[in-house]
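Student: Residue-level listing of the chains:
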Amino acid sequence: MKESRYAFYPGCSLKTAAGYKESIQFVARRLGIELVELPDWNCCGATVAFSINEMEALAMAARVMAIAESEGFDQLVTPCNACYSTLRKAQKIIEEEGITQQINQALQEDGKSYSGKIKVRHIIEVFARDIEKEELTSVITHPFPELPVAPYYGCQLTRPWGDLDHPENPTIMDGILEASGCEVVDFTAKTYCCGAAQMVANKEACLPLVKAILTDAKRKGAKAISTICPLCQFNLDSVQEDLGESIPVVYFTQLMGLAMGGSPKEVGIGKVITPADAVLQAAKGVR
Amino acid sequence: MEATGLLKRLLELPGGDQLLRCIQCGTCTGSCPMAEAMDYGPRGLFALVKGGDIEEALHSNTFWFCASCYYCTVRCPREILITDQMYAFKRLAIEQGIKPKVSTLQMYTAFHETVKEDGRLSETKMMRKFLLGSPKDLIKNTSMASLGMKLLRRGRMELKGESVADPDKFRVMLSKARTISPEKDEITSMDSGGAA
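Protein chains in written order, with our numbering: chain A, -19 to 267; chain B, 464 to 659.
No false leads were slipped in.
With a cut-off of at most 30 Å between alpha-carbon atoms, the simulated DSS-like pairs for lysine-lysine come out as follows:
| id | chain 1 | residue 1 | chain 2 | residue 2 |
| --- | --- | --- | --- | --- |
| 1 | A | 183 | B | 592 |
| 2 | B | 588 | B | 564 |
| 3 | A | 97 | B | 639 |
| 4 | A | 99 | B | 632 |
Just so you know, these hints were derived from the structure itself, not from any lab.
Modelling step: build the complete structure from the supplied sequences, incorporating the hints.
Tutor: Take a look at the structure:
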């Protein structure tokens, strides 16, 4: 094990996400990983801040990273693709434009200071890369017998500021799901866009995007979709009634947690909207 | 290329001259999940700019439909940071007071106001602001109430928002940030050659 203690930046969407928080905590406990929530964290600004004022956007992201630095961490992990992408993007821009000093003048107003040394990572890297494979498989006590799962990565994990996997064909989640006993299907739509925040403002334009993702998952024989981002999960799950679809959309940590013997309640699976019966039945089969 | 007025402003933004490198191959539009909803795809938008029609470009809905998926950016053979060009268009349009016909700006405003108040985003508060500021969306989204009920039943409706410890200081920080006008170099990772 490389590390066992990380600064954890939940982002604004985690508290209302469908069991992501519960399942992350469950899996982390089982793996002996300590996630320390940042005190006094703020919204990363997401794509909205960059659309309105670039310097404001950079300051918001820098403030989050500054807090992690002042708490003595050299790594910050987040479970949200948008937070991950935003922080990394801000870090890169501040460095390339050489404006750390100017950003710090703003942060100073709030008693913070940013150096840029912190490494921003997605939680999936911790579970997939910092844990030895044997260590992971040793706690997988209830692997799924043949649950075909479509691994949905979304856009902002690997495009373009992330460097953790291929921008169009990432595989980091595939290995975790396989270790959990799931059958991972070839999924063309794995990095298609779910519409992200446009689902709020321009739902009609986003519905065909979600339809294409769900259709590809079904065509490949998947009985569930595994996600790694609160907004992706919400968009794929919450509009299925509009689309006349019904395929469970869960978090990869919920599948991991069930495979580690966690109860459906412990991994918050009852919080998803489209019934996750197929997942629960597959999990029940081994209990 | 001779540029004046708004076009000159756009090209002088950091990395703004990147779009002069565009060779009109259409990889961006072919990769864009939202292209069908747009009046001009990204390629068409860049054609307008290169042709000097900045007014039409700024009144297009292209950048308001951008979902920031970055497909265009990673695929552009000329390494133009296209998604970031979309942000630049949005900021310039806002500055010019150009109101888009789609509701994206109202959503951004609701998000931005919520975060300015609390330092964090309460989705419930943002949605309330958005729908009050955009009544047509309130009427259109009849399924919103039923979705709200589903979230409430699952304990996923945030009834009491959270905030940073000192929202006043957070706001002062944002105001201070808005005054920064750094002497920016060009984005260094990209080759700036080949501009028209």
